[in-house]
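Number of protein chains: 2
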Amino acid sequence: MKKNVNIAVVGLGQIGNYLLNELNIKKKDIEIKTGKKIKIVAISAKNPQKKRKFKINKKIFFKNPVDIIKKKNIDILFECIGNSDGISKKIVELSLKNKIHVITPNKALISKHGDYLSKVAEKNKVNLEFEASVAGGIPILRTIKEGLATNKITKVYGILNGTCNYILSEMETSKNTFSNVLKKAQHLGYAEPGNPKLDLNGYDAFAKVRILSSLSFNKKISNKKCLMEGIENIDYKDIEIASQLNFRIKLLGITEIINNKLFERVHPCLVNKETYIGNVNGVMNAVIVHGKPIGESIFQGEGAGPEATSSALMSDFLSILRGNIKYPFGIPNTKRKTAYTYNIRNYSNSLYLRFEVKDKPGVLSQITHQLAKKKISVERLIQIPNHKNKTASIVIITHKANEYNSQKCIKSLRANKNILKNPVLIRLL
Amino acid sequence: MKKNVNIAVVGLGQIGNYLLNELNIKKKDIEIKTGKKIKIVAISAKNPQKKRKFKINKKIFFKNPVDIIKKKNIDILFECIGNSDGISKKIVELSLKNKIHVITPNKALISKHGDYLSKVAEKNKVNLEFEASVAGGIPILRTIKEGLATNKITKVYGILNGTCNYILSEMETSKNTFSNVLKKAQHLGYAEPGNPKLDLNGYDAFAKVRILSSLSFNKKISNKKCLMEGIENIDYKDIEIASQLNFRIKLLGITEIINNKLFERVHPCLVNKETYIGNVNGVMNAVIVHGKPIGESIFQGEGAGPEATSSALMSDFLSILRGNIKYPFGIPNTKRKTAYTYNIRNYSNSLYLRFEVKDKPGVLSQITHQLAKKKISVERLIQIPNHKNKTASIVIITHKANEYNSQKCIKSLRANKNILKNPVLIRLL
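Going line by line, the protein sequences match chains Y and R.
For the first sequence, position 79 matches number 140 in this note's numbering, and the numbering has no gaps at all.
For the second sequence, position 90 matches number 151 in this note's numbering, and the numbering has no gaps at all.
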């Protein structure tokens, strides 16, 4: 790469704006570390007038980012818009085709179009870097691609959504409801004020799981959804009961290879309070990697926010400036195999079940009978009476139970008129 | 780098031998990931006949590693002998001067001669890589140099010696003495059977601290010893009392910049049982990095053993094969500044003190008087009587106390005839 490097930043929301400031204040440091002189020659956003934390230079502002590619000589472009399609995809594709390196924190884009875009990047011999798309404060993609390069990775799991982890932690400590804590999270800027759905329903974590899978197992990005559940239905009552049983509830993203098949999932999990993962609280992200020969390695850091995201974008940036031309997914696209999807019906797991029932004879027997019929064996059972309205909570921890049978069992119990609410099912880690 | 790459492995102890096997079984995987065909063309060790886990190919064996450089056309050499000087230094220097990339897990060599050797590497435009010298299962050097490249790092600390962490953990759980647990550690292969001194006295961890400092703060390697204490004098009694006070004892390596000065230290620490670091037990290593903008990031993995070390050596290897020519310390040698050493006399810290005293009037007053004279303020005090031999243990947790004053105080109390043993001083984190 030549000594003078021209930069464009497209998208000036919280992340793009923070990044722009970092690029400006760290120019000298970057020159020392890489020998390159960087110059920001173009920026673009929907609204140039929007109030931003750091002032922008309007002389280099472009209303339409496509014009930047046409009119300016760009070496590296940062895409910080964040859509899975539309202008995000268009500008990334166009840049790569014009032999411009692209850096993006856009997990929606990469998890959907990463295979195609990486092909374009490879063909044009430029980099497509997306470290910031998963767990910003932890350079986990670089770690998998490079730091653990020759390990045979078998499983990667962790807390991949800081918003959800904050909400679950805060519900526990403040003994508050989901909706109240969500409001607090929005007020603090941890959750989107408008539509936090993509965080809460597991979609955001699932996009990250897909990126982690493809890097860890050298597979193409899967487009199948094995299992995705969010935290919208987590009741404080379950957090409280779980706590009494020495568990915490965490939203985990898990990807592993079982019998040569890829099993990707995001769902709330009961994790033991004494484990490492049970003690990662607040907005933190944590990723646990199982591999050979390394065994188990743990990585923890801030997951979101412009600071952590910017740190990851800058690491990608320096990697390109240092001249490291790399395959976006660590190996050539032609060597990445299509993943066969594991059939979740075959999966077995211990479960936490809660039934709100009428407090009358025979109800417990109806539940245990149904469980027995589906070969679900009870490890622990607690019945908590609620004398005031003549109901009771029946909480069951099962031994390993087959997923297909469990779903069937819950479905049939849902029809039981003595069971007053939708039964709660949370898997154990 | 050309397509066919010739490799030499010098030193075939546990690590070198394991690595050799990994190189052999992962040839194909390496070719897929990097496009390079590797060939091991030379190996060397003191004793070709030694019983090894994996068989070696005697046809490529050299008694004197220097002959390899003379007779073979080597591209990359692994130095796995492990001395800080002697043949280790000689072969590394000679290789670099002959434009051969060098990869080594040798922390003793790098912490002593790293500055000089990195200059030689830079001059000859080859890599000197040493990821495996610190916390093998965690790619922490790569993370600092690349993953967190533009962060301003202010402090790095952690558990850097798996042997010591195993011994301290095992003393707590088995309620056993240091010497008994050391024997067990040696039996299990966690501690050197012959001379485990360099692990136990903090030297090994200190070498790692020096490497971490130079990378984190872009400084030359320091040759000053701010503070180095090992675990040889940790008594089970202190582990037991600490536990009652909700602490654990951990050997920590800590490096930070205080008022623009470098403060490096290795010593046992009392850490709260509820903290992350207080729960890293057994042979695990953990590194905590404080930086801006990332905040706090945590990295944990196996610290020693041929598996973790080999994983790190292989990551260095792939980095070279992928053509990443880099400065060994992340920035050019000419830009690395000499570190000014922090004067430990100015440091303030809370302390755990234990005095074994004659159980007679006035002794407690003598101790507290001496503490007051040195402006050491008591936060907690427990006196535990031992009626059988008319002695008592006085345990004190102090508020922050100046290091110089504390040492003076301990010295003067040592002369007190009512104090029966050398007072115990352990710093709090």
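No lab work stands behind these hints: they were computed from the structure.
Don't take every hint at face value.
Which copy is meant is left open, so a pair is good if it fits within one copy or across any two.
[Said to hold, decoys possible] Listed below are the simulated DSBU-like cross-link pairs for lysine-lysine, each with C-alpha atoms no more than 30 Å apart in a straight line:
no.	residue 1	residue 2
1	280	63
2	119	89
3	133	436
4	216	120
Here is how each hint holds up against the structure:
1. Taking identical chains as interchangeable, the C-alpha atoms of residue 280 and residue 63 lie at most 30 Å apart only when they sit on different chains, with a minimum of 28 Å there against 34 Å within one chain.
2. In this assembly of identical chains, the alpha carbons of residue 119 and residue 89 lie at most 30 Å apart only when taken from the same copy (23 Å versus 52 Å across copies).
3. Taking the shortest alpha-carbon separations for residue 133 and residue 436, neither the intra-copy value of 66 Å nor the inter-copy value of 66 Å comes in at or below 30 Å.
4. Taking identical chains as interchangeable, the C-alpha atoms of residue 216 and residue 120 are never at most 30 Å apart, the minima being 49 Å within one chain and 39 Å between chains.
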